[in-house]
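Here's the letter readout for the chains.
Protein chains: 2
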Amino acid sequence: MLFYDSPNPAPNPRRVRIFAAEKGIELPSQEVSIPKREQKAPEYLGKNPRGQTPILELDDGTVIAESVAIMRYLEALHPEPAMFGTTPKEIAAIEMWSRRVEMILMSAVGAVWVNTHPFTAALPGRNAEWGEANRPRVADAFRFFDESLKNFEYLAGPDFSVADILLLTTADFADFVGCGMPDDCENLRGWHERVSARPSSKA
Amino acid sequence: MLFYDSPNPAPNPRRVRIFAAEKGIELPSQEVSIPKREQKAPEYLGKNPRGQTPILELDDGTVIAESVAIMRYLEALHPEPAMFGTTPKEIAAIEMWSRRVEMILMSAVGAVWVNTHPFTAALPGRNAEWGEANRPRVADAFRFFDESLKNFEYLAGPDFSVADILLLTTADFADFVGCGMPDDCENLRGWHERVSARPSSKA
Numbered sequence: 001m002l003f004y005d006s007p008n009p010a011p012n013p014r015r016v017r018i019f020a021a022e023k024g025i026e027l028p029s030q031e032v033s034i035p036k037r038e039q040k041a042p043e044y045l046g047k048n049p050r051g052q053t054p055i056l057e058l059d060d061g062t063v064i065a066e067s068v069a070i071m072r073y074l075e076a077l078h079p080e081p082a083m084f085g086t087t088p089k090e091i092a093a094i095e096m097w098s099r100r101v102e103m104i105l106m107s108a109v110g111a112v113w114v115n116t117h118p119f120t121a122a123l124p125g126r127n128a129e130w131g132e133a134n135r136p137r138v139a140d141a142f143r144f145f146d147e148s149l150k151n152f153e154y155l156a157g158p159d160f161s162v163a164d165i166l167l168l169t170t171a172d173f174a175d176f177v178g179c180g181m182p183d184d185c186e187n188l189r190g191w192h193e194r195v196s197a198r199p200s201s202k203a
Numbered sequence: 001m002l003f004y005d006s007p008n009p010a011p012n013p014r015r016v017r018i019f020a021a022e023k024g025i026e027l028p029s030q031e032v033s034i035p036k037r038e039q040k041a042p043e044y045l046g047k048n049p050r051g052q053t054p055i056l057e058l059d060d061g062t063v064i065a066e067s068v069a070i071m072r073y074l075e076a077l078h079p080e081p082a083m084f085g086t087t088p089k090e091i092a093a094i095e096m097w098s099r100r101v102e103m104i105l106m107s108a109v110g111a112v113w114v115n116t117h118p119f120t121a122a123l124p125g126r127n128a129e130w131g132e133a134n135r136p137r138v139a140d141a142f143r144f145f146d147e148s149l150k151n152f153e154y155l156a157g158p159d160f161s162v163a164d165i166l167l168l169t170t171a172d173f174a175d176f177v178g179c180g181m182p183d184d185c186e187n188l189r190g191w192h193e194r195v196s197a198r199p200s201s202k203a
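Residue numbers (my numbering), protein chains in the order written: chain A, 1 to 203; chain B, 1 to 203.
Just so you know, these hints were derived from the structure itself, not from any lab. These figures come from a predicted structure and were not determined experimentally. One or more hints might be untrue.
What the hints assert, rightly or not - Result set (DSS-like, lysine-lysine): computed pairs, CA atoms no more than 30 Å apart in a straight line:
(1) B:Lys47 - A:Lys36
(2) A:Lys47 - B:Lys150
(3) A:Lys89 - B:Lys40
(4) B:Lys202 - A:Lys150
(5) A:Lys150 - A:Lys40
(6) A:Lys150 - B:Lys47
(7) A:Lys150 - A:Lys47
(8) A:Lys23 - B:Lys89
(9) A:Lys89 - B:Lys150
(10) A:Lys47 - A:Lys89
(11) B:Lys150 - A:Lys40
(12) A:Lys40 - A:Lys89
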């Protein structure tokens, strides 16, 4: 298999690198440069017509796009340590919190990113007003996670899971975009220190 | 367990109803009226602070929010027929296509819905221009799925899966919002007829 990777600050490839590091999986990889727009080159579009990284290409030619799909594939091959839960309630909680990170936080951070950041705001179809309107939504989303982290050490419960990987990579990308965690989010900041102290966070 | 449900056109509760019908699961349910804004009432917010339906409340008081999390919980309890795949490649393909429905289509339909539809466009923080800019994105997304349905009977391969449930409910909601499938999407229209002919689609 070959992992088509892009370096930080791209948040989605980093999810998979952290996931693989937590499992001790070595992924042969090839870099796709986003500043050089290599993800929009014809050869890459032939593999993923969405023109996004990461993808995982299997030896039989199958291409898996979407970071969470790649992580689920790796989980199926290497079940331990479980990152998507094992009991029905764990599986549900991890999916619920993962989706909340995507739907509440990542969607708002993405709106700020594409509509206001100098790297992308000049592309056609952008709307600066919509981007700015999403800054308070990002802050509200962080406060929602801060509140929920009162009760548990990790986002979906007592154990580190893929939900933490999604929140960590999104929070760090939000910081890069200029809409990072509010100062008053103490539970969230404590959680961020804990997960950033794991060796996998450097992946 | 008790399923807090909202009737059509709400797309997310319908996902779970279709999923349960495919598995032959009877879900005791209670209606939450979105026109009456019952999902924002204090008692409901105590169960799901996001103020969204559906949720599944377990007998021990655990609340599972997010339609896909509820479906994964039900899949863990009732594995047959498998809706999230069983082999690593099936699991990955179903997750990839499910996420593409959410990220490419549902996000654009949602942007049209909240920013342009009379039911929601008058709420604070809306942006009519952004809503209108998402109409062509909805059409592009439908064309992407149309192209992929050239090769397979169902969205993620030869078998019906949760990815089809997400696409069906989103396509029908898009139609309600006024941005339904373009006429030239023949593969998609054939697929829509096939999945709409399943008894579960009436759930």
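For each hint, the structure was consulted:
1. B:Lys47 - A:Lys36: At roughly 47 Å apart (the allowed maximum being 30 Å), Lys36 of chain A and Lys47 of chain B break the hint.
2. A:Lys47 - B:Lys150: This hinted pair holds, its Cα atoms lying about 17 Å apart.
3. A:Lys89 - B:Lys40: holds (25 Å)
4. B:Lys202 - A:Lys150: violated (41 Å)
5. A:Lys150 - A:Lys40: violated (42 Å)
6. A:Lys150 - B:Lys47: holds (17 Å)
7. A:Lys150 - A:Lys47: Roughly 43 Å separates the two Cα atoms, so the pair is violated.
8. A:Lys23 - B:Lys89: holds (19 Å)
9. A:Lys89 - B:Lys150: violated (37 Å)
10. A:Lys47 - A:Lys89: violated (36 Å)
11. B:Lys150 - A:Lys40: Holds - the C-alpha atoms of Lys40 of chain A and Lys150 of chain B are around 23 Å apart, at most 30 Å.
12. A:Lys40 - A:Lys89: Since the Cα atoms of Lys40 of chain A and Lys89 of chain A sit roughly 40 Å apart, the hinted pair is violated (cutoff 30 Å).
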